[in-house]
Structure formats: C-alpha cells, structure tokens
Amino acid sequence: SQQGEEDPQALSIQEGENATMNCSYKTSINNLQWYRQNSGRGLVHLILIRSNEREKHSGRLRVTLDTSKKSSSLLITASRAADTASYFCATDTSGGYQKVTFGTGTKLQVIP
Amino acid sequence: NAGVMQNPRHLVRRRGQEARLRCSPMKGHSHVYWYRQLPEEGLKFMVYLQKENIIDESGMPKERFSAEFPKEGPSILRIQQVVRGDSAAYFCASSPPDRGHGYTFGSGTRLTVV
Numbered sequence: 001s002q003q004g005e006e007d008p009q010a011l012s013i014q015e016g017e018n019a020t021m022n023c024s025y026k027t028s029i030n031n032l033q034w035y036r037q038n039s040g041r042g043l044v045h046l047i048l049i050r051s052n053e054r055e056k057h058s059g060r061l062r063v064t065l066d067t068s069k070k071s072s073s074l075l076i077t078a079s080r081a082a083d084t085a086s087y088f089c090a091t092d093t094s095g096g097y098q099k100v101t102f103g104t105g106t107k108l109q110v111i112p
Numbered sequence: 001n002a003g004v005m006q007n008p009r010h011l012v013r014r015r016g017q018e019a020r021l022r023c024s025p026m027k028g029h030s031h032v033y034w035y036r037q038l039p040e041e042g043l044k045f046m047v048y049l050q051k052e053n054i055i056d057e058s059g060m061p062k063e064r065f066s067a068e069f070p071k072e073g074p075s076i077l078r079i080q081q082v083v084r085g086d087s088a089a090y091f092c093a094s095s096p097p098d099r100g101h102g103y104t105f106g107s108g109t110r111l112t113v114v
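Those protein sequence lines, which keep their order, are chains W and S.
Read in order, the letters of the first sequence correspond to residues 1 to 112 in this note's numbering.
Read in order, the letters of the second sequence correspond to residues 1 to 114 in this note's numbering.
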C-alpha cells in the first residue's frame, strides 16, 4: 500500500495565489521529499526535509514536517501558470538503506 | 552531466514479446531504482539495485520481470512475454551512496503492449 497520501487530490487556483498540499504517512521516516511531475515527464526533486527538521524553504516553496502527526505540507507562494503539475510526497522510511515510497499525488492547476 | 538517461522513450510490443528498458544513472550515482506508473496514479516501487547487486526487489512481480545493473553498462529492466497489463510508464532514478539527496529521475519509458 502507498506510504503517503496527498490531500487534496486536485487543486485549482488563480495565478498569484498560494497553493497548499498536504501529505500523511504511516511509518517512521528518515526523511520526506517532494517532487513535481509535469504531464508525461519524469519527476523533478524539489525539496527534502529530514525527520529532525520542522520547516524548510527553497525559493517560493515552504515545507513543514510534523512527525508526531506523521504529516507534511508543501506551500507554493505566488503561484505561476508554470507551476501547473502533479506534486508527490515521498518518504524514505527508516532502515538500513534509502528506499523512497511515493504518495498518490496532488494535481495542481494554476489558471493564468 | 547528462543526468539519468532512459531509452527508449517509447516502446511498443505485441503480447508475448520481450521488452528491454535501459537506464544509465547520473555520473557518480551508484544506486538505481525502477518505478512503474500507471495513468493518473503515483509511482510504485519495483526494484533497487547497486552495481552487480539486487538490494531490494520487493516490488517486482515474481514472474516475467527481472532487473540487472552490471559492472559495465546501463541497468536493464526486462519484461518477458508482455501482456496488456504491463502497459505503463517505467521510470528509473539514481542517487549517490549517501542518504539525504533525493533521487534524480529519467524521463521514463512508455511501454505500450498491443
């Protein structure tokens, strides 16, 4: 079964607005990662947050992690039409080696 | 640095044929991962390999699927006697040995079984 579940499944916003996506997971993690996938393309790594971190920023991206609730959120500020894509959270579960399990994804549409 | 290279981009096979998907990891990356993605779904883990070793194949179907990462050359995902249900996008990712860097993905191979 999938380790991560994203919410919402789909999100449609106007350009300039902020977009927030949430991810919940089931087992303890080493780190949590967010990826973007444009239609028909490969995934692009956006940001990684370790289990001992609570918040991380990268440009217009802000990621939070709450290990007590087993949840994370991705905030994209001042969205652009080019941000239209599917966004996946992925968990690297604690253990002897890195193994990343992907969630179901949030499909974001930014309307110009 | 060319990143992760997958080929072919598109592959059409008739039922019963073999499909061979290739993946060259990013320079300096020794870990390779294969994932399968069905339309409108997330990625499902298939197998994790290091050079000449299969580390975790818990996501690989028990029959018809095999993977290798030889000492020289690309990683190969082989699907024998393909069926319609094998139609999907197959993505390869690579990472350096140490944890905490995330994956670099290739553009994928879209397999269509007719």
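Hints are supplied without guarantee of correctness; some may be wrong.
Said to hold, decoys possible - Okay, derived cross-link-like pairs now, DSSO-like style, lysine-lysine, Cα gap no bigger than 27 Å in a straight line:
hint	chain 1	residue 1	chain 2	residue 2
1	S	Lys62	W	Lys26
2	S	Lys44	S	Lys62
3	S	Lys62	W	Lys99
4	W	Lys26	W	Lys69
5	W	Lys56	W	Lys69
6	W	Lys26	S	Lys27
7	S	Lys44	S	Lys71
8	W	Lys99	S	Lys51
9	W	Lys70	W	Lys26
10	W	Lys26	S	Lys51
11	W	Lys107	S	Lys44
12	S	Lys71	W	Lys99
13	S	Lys62	S	Lys51
14	W	Lys107	W	Lys56
15	W	Lys69	S	Lys27
16	S	Lys27	S	Lys62
17	S	Lys51	S	Lys71
18	W	Lys26	W	Lys107
19	W	Lys99	W	Lys70
20	S	Lys44	W	Lys70
21	W	Lys99	W	Lys26
22	W	Lys107	W	Lys70
23	W	Lys56	W	Lys70
24	W	Lys69	W	Lys99
25	W	Lys26	W	Lys56
26	S	Lys44	W	Lys99
As the list claims (entries may be wrong) - Some chain W residues well away from chain S (every beta-carbon gap over 12 Å; in silico):
hint	residue
27	Gly4
28	Glu17
29	Ala19
30	Val44
31	Ser68
32	Leu75
33	Ala82
34	Thr84
35	Val100
36	Gly103
Honestly, the hints are just simulated from the structure, not real lab data.
Please read all numbers here as calculations on a predicted model, not as lab measurements.
Backbone N, C-alpha and C fix where the C-beta goes; we use that ideal spot for every residue, glycine too.
Here is what the structure says about each hint:
no. : hint               : result
1   : Lys62/S x Lys26/W  : 26 Å, holds
2   : Lys44/S x Lys62/S  : 15 Å, holds
3   : Lys62/S x Lys99/W  : 20 Å, holds
4   : Lys26/W x Lys69/W  : 10 Å, holds
5   : Lys56/W x Lys69/W  : 17 Å, holds
6   : Lys26/W x Lys27/S  : 34 Å, violated
7   : Lys44/S x Lys71/S  : 26 Å, holds
8   : Lys99/W x Lys51/S  : 16 Å, holds
9   : Lys70/W x Lys26/W  : 7 Å, holds
10  : Lys26/W x Lys51/S  : 31 Å, violated
11  : Lys107/W x Lys44/S : 18 Å, holds
12  : Lys71/S x Lys99/W  : 22 Å, holds
13  : Lys62/S x Lys51/S  : 22 Å, holds
14  : Lys107/W x Lys56/W : 22 Å, holds
15  : Lys69/W x Lys27/S  : 38 Å, violated
16  : Lys27/S x Lys62/S  : 31 Å, violated
17  : Lys51/S x Lys71/S  : 6 Å, holds
18  : Lys26/W x Lys107/W : 22 Å, holds
19  : Lys99/W x Lys70/W  : 18 Å, holds
20  : Lys44/S x Lys70/W  : 21 Å, holds
21  : Lys99/W x Lys26/W  : 15 Å, holds
22  : Lys107/W x Lys70/W : 21 Å, holds
23  : Lys56/W x Lys70/W  : 16 Å, holds
24  : Lys69/W x Lys99/W  : 21 Å, holds
25  : Lys26/W x Lys56/W  : 21 Å, holds
26  : Lys44/S x Lys99/W  : 12 Å, holds
27  : Gly4               : 8 Å, violated
28  : Glu17              : 24 Å, holds
29  : Ala19              : 19 Å, holds
30  : Val44              : 7 Å, violated
31  : Ser68              : 22 Å, holds
32  : Leu75              : 19 Å, holds
33  : Ala82              : 18 Å, holds
34  : Thr84              : 16 Å, holds
35  : Val100             : 6 Å, violated
36  : Gly103             : 6 Å, violated
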